[in-house]
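Student: Here is what each chain is made of, one letter per residue.
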Amino acid sequence: MTKVRGARVGHSVVLVGLGNIGSSFAGLLGKMPGVARVVLIDRDVYESKNLGSQEIRKSDVGRPKARAQAQRLRHLNPDLAVVPVVDDLIQVPLAVYRSDLIVAGLDSIAARIQLNEIAWRLGIPWVDAGVDPLQNLIRITALRPGEVGPCFECGLTSSDYLNLGTLHPCLEPRPEAFPTNGSASLGSVVGGLLAIECEKILDQTGGNLLWGRQLIFDPMHHRCFVSEIPGNPECRFDHSIWSPPRSLAVSLGASLSRLLEVARRTTDAKGGFSIEVPHHPLVQAVCCPGCGTSLSRPHLAGRIQMSCPVCRSPDLRPVGFETRPFLDASLPGATLRGSLRTLGFRKGDLIRVRSAKRDWSFVIAGDRT
Amino acid sequence: MPHSPSEDPILKAFLATQFEAGMALASQSDLLNLIPFGRLPPSRYVAEFRCRGLAREEGTIIEHDFWAVGITFPPNYLRQVVDVAAMLTYLGPHPAPWSPNIQMAAPPALICMHIGNNAGLVEILNGLYDLISWNLFSTSDEGLNHEASQWCRNELTRRPDRFPIDRRPLKTRTQQVQPAKARPEGRIRS
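From first to last, the protein sequence lines stand for chains A and B.
Numbering follows this note's numbering, in which position 155 of the first sequence is assigned residue number 155; successive positions increment by one, without gaps.
Numbering follows this note's numbering, in which position 54 of the second sequence is assigned residue number 54; successive positions increment by one, without gaps.
Read the hints as simulated data drawn from the structure, not as lab findings.
A hint or two may mislead.
To be verified - List of simulated lysine-lysine pairs, BS3-like, C-alpha gap at most 30 Å:
#	chain 1	residue 1	chain 2	residue 2
1	A	K270	A	K31
2	A	K357	B	K12
3	A	K58	A	K31
4	A	K347	A	K357
5	A	K270	A	K357
6	B	K12	A	K270
To be verified - Computed footprint of chain A on chain B; a stretch qualifies when at least three of its residues, placed anywhere within it, have a C-beta under 8 Å from a C-beta of chain A:
#	region
7	16-26
8	78-84
9	88-96
10	106-119
11	138-149
Virtual Cβ for every residue (Gly too), placed ideally from N, Cα, C.
The whole structure should be built from the sequences, with the hints applied where relevant.
Tutor: This is the structure we're talking about:
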């Protein structure tokens, strides 16, 4: 349960993906009793082609999905605390995901793998929904973090991983997920089923909970199936859950060396130690695939937008061999003196402090607002 | 999610296997020197290829015989989209490598090669050798060096037997044989 300033005490839910499924579910989430706070995450904007299949108005075309749905929820329920986040799910500081439940209406396996890991590390249960518009099928899966599983990756095969694809520097900058093209009615049905499952999970008011199981609904033939998802001993994900992170009082204006110093004092780590920012290795140089220009610009991967100073291409790629997964005192002096903000750190970023004997988790408190 | 190879037991086991296989290949090759970086099992290597490839100097395409490539296995390698730019880096020493799949730029430069999910170090090393030695090359303009693509299309028309530049297999080991001094076993009876 979450106590929200200025609102009633209630549950906090994070909704990732605001397309066909997410936009239908969002309205029901806004009316759900017991929910006090909703975080909406989506990097995209609504297009005119979405009018026929997603819960939006014409005036929402061109607007970021998260902001459009946030406005809608505030109209539906003025007491609800709504936080829109317009960003890729992997770029969002991990502290933003801290909630009672994460709900996903995503459009790719790669995104689901990322969200599954986020949920597991933070120990937050999550519900995944999907549609198959060709066969008019609906799928809902509920997963609860545990060492044994099952997790989302437990159900993946080698073919699934192969089909994730490869990002080539000579081709388009991002592998785009194929649009689901689910109908509005299909989205509404899955949104409704999602809402019922979420109410059961949050309020535990009865009915079977779907943990570790998958519900498939076939509205065309009026059939419904529930199947167990077995834990996979060969799962490529290690299933470990991190201990709840503590807040680390450090300003984003502080230097990286200051962060290392605070981390060392707070953990009392003896000897060598390093810091990892999950999802964001330190990129020390980038290269332009177009003209070959390379730049030295230390930053956390994905956090700083740059253009090539020679050909103006926005598609700069990190130089892999000079990218470091860990930050420590051996980094160049200029990098250590750089402020956390210029390196791409954000308030709410989760960091892992690693020593030879143990690890700690912290959340960057950032500047007071 | 980036994750310490040493903390992820699945990736750690994979990297250990790759280390053994990669060093075994290097020990069986005159053309490859493989240098691991970091604590075991390593996730980064420099692969030095002592083979004939092509470079460009003052507008002329010449043969060159030493190439260094950085290979990095990112922490999410087995479980996410493979990002070739994050894995392969041309490290020189020649400032103008000539290949459709290698940026003709001073190092560090990009290399474009297909790497499937779960591809091992030996597969990557063989692929790099094929690119550098022109055993494998793109003739379309999809690569990083369109000028080299056009050049090789012209060369194929002019000299169909031009490629590969180095025909030796990567697993080439020269045996040093010292002939023993002959010793008379017996007389030939006349």
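Student: Each hint needs a verdict: does it hold in this structure or not?
Tutor: These are the hints, each one checked on the structure:
1. Taken as a hint, the K270/A and K31/A pair is broken in the structure, with Cα atoms around 51 Å apart against an allowance of 30 Å.
2. The straight-line distance between the Cα atoms of K357/A and K12/B is roughly 18 Å, inside the 30 Å bound, and the hint therefore holds.
3. Only pairs whose Cα atoms come within 30 Å are accepted, and K58/A paired with K31/A is accepted, the gap being roughly 23 Å.
4. Between the alpha carbons of K347/A and K357/A the distance comes to roughly 28 Å, so the proposed pair stays at or under 30 Å and holds.
5. Restraint check for K270/A and K357/A: the C-alpha separation of about 9 Å stays at or below 30 Å, so the hint holds.
6. With a C-alpha separation of about 25 Å, the suggested pairing of K12/B with K270/A holds against the 30 Å cut-off.
7. Under the rule that three or more residues need a Cβ within less than 8 Å of chain A, the assignment of the region 16-26 of chain B is violated, with 0 such residues.
8. Coverage of the region 78-84 of chain B by chain A holds [criterion: at least 3 residues with CB-CB distance below 8 Å; count 7].
9. Counting residues of the region 88-96 of chain B whose CB lies closer than 8 Å to any CB of chain A gives 3, which reaches the minimum of 3, so the coverage claim holds.
10. Given as covered by chain A, the region 106-119 of chain B passes the check, having 11 residues with a CB less than 8 Å from a CB of that chain where 3 are the minimum.
11. Here's how the region 138-149 of chain B fares: 3 of its residues keep a CB closer than 8 Å to some CB of chain A, so the rule of at least three is met and the hint holds.
Checked against the numbered hints given earlier, the structure breaks hints 1, 7 and satisfies all the rest.
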